[in-house]
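Under my numbering, read the sequence shown as residues 1 to 421, first letter to last.
I should point out that these hints are in silico values taken from the structure, not numbers from a laboratory. Hints are supplied without guarantee of correctness; some may be wrong.
[What the hints assert, rightly or not] No farther apart than 30 Å at their CA atoms in a straight line, the calculated lysine-lysine pairs in the DSBU-like style are these:
#, residue 1, residue 2
1, K145, K235
2, K134, K174
3, K226, K274
4, K392, K325
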Amino acid sequence: MIEIRPFKTYRYNSLKVKNLSRVVTPPYDVITKEEQVMFYNLSRYNFIRLILGKRYPSDTKGSNCYTRARDFFKRWVKEGVLIKEKEDAIYVYEQRYRIDGALKRRIGFIALMRLKDFSSNLVFPHEKTFDEPKRDRFALLKTVKANLSPIFNLFNDPGDKITTLLKNYTKNHKGILEITDRDLVIHKLWQIKNRDVIKEIVESMRNKDIYIADGHHRYEAALEYKRLMQRRDSKYLEEAPYNYIMVYFLDLNEDAVTILPTHRIIWLKEDFKKEGMQQLLRKFFFLKRKKNLDVLITTLKCHRKKPYFFGLCQGAEDCFLLVPKTKAIFKKFMREIDVEILHELIIDKILRKDIIREISYTRDLNYIKHLIKNDRNFIAFLLNPTRLSQFKNAIREKIRLPHKSTYFYPKPLSGLVIHKF
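Full structure from sequences and hints, please.
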């Protein structure tokens, strides 16, 4: 059974922070180093100082990005920059955005959810996780003792009962904040304090399966912190706040569930021969040269509903569309998910770890263009987005896809609400 509850959040004080768009950020794991600096410079109260603080060579066990986040939080509360709500509430969260020229509206809600082990078969992950990001988020959680950003969970509501309730609520109540972010996404928040409405949401969610869209590392870090507190706390209580995690919930059947691709940048060791890789790729694909990156992306999008099509970029004059020679070659990959083929066949088998220096991830095609002009020692693999049906199938089969297989857009902002232990 899924247990959700309202909570008393900490929020930015609008009397102290006049322009909220200057203090909120995207989730920590989509922020580049350049963006981190930019957010630091936007405002001395920018949320970046809590979720992705700067690291310094002089950092110690007692003074580091985690302890600074804790101290910033305490200071901002003391100064009245962050204030705690007096009543428990659930928050309706609406996002309006454009994608491929179409205006979309997405509406969900933010509440606390009792942590459940994956073995409960109530909460389902879909991506693999890594130890280092989990250690990082665990250290932040343990030091600050707060869910600073909501993770992003999906649920299946065939009758649209919850979404209809939320939409009706927004028609009859005034929002408490509205922000337009750098991508021109409009974020709006409503506060539900009415006990009857809260009860209806809580009851409607009890028998739902929950699918993690974003926040796998934070969820697993929260589970580990809960286990730590169980071992340490002789007066452990089931209702202790660390048994819960702050979640943004969205109906899986909402029309505005948008998944974007995340492209792979492969940084290579100096002695790598690109010609040899092309020869190996030709065992599985036809390599069709394209004029430039823009033409390649346009062509790739034309095949978005077909499996096994990729873009390969090795430089300004080396852009190729990878066209599968035959589906039979890929028959062992029954799910027809491109990102699986990319990692399990191309990266692991054709490229191999001994020639890969590092793998990075980006949605930004301008960044790839910059690399083409300034860096020769890389290759970029471009993908079409994982389809929602593929996401559902992976969850149904309890398959963990490679890291960054999905990019649900837009992201819930960090800094709107905080769950403090």
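The hints, checked one at a time:
no.	hint	in the structure
1	K145 <-> K235	holds, 18 Å
2	K134 <-> K174	violated, 38 Å
3	K226 <-> K274	violated, 48 Å
4	K392 <-> K325	holds, 27 Å
Taken one by one, the earlier hints fail for this structure at numbers 2, 3, listed in ascending order.
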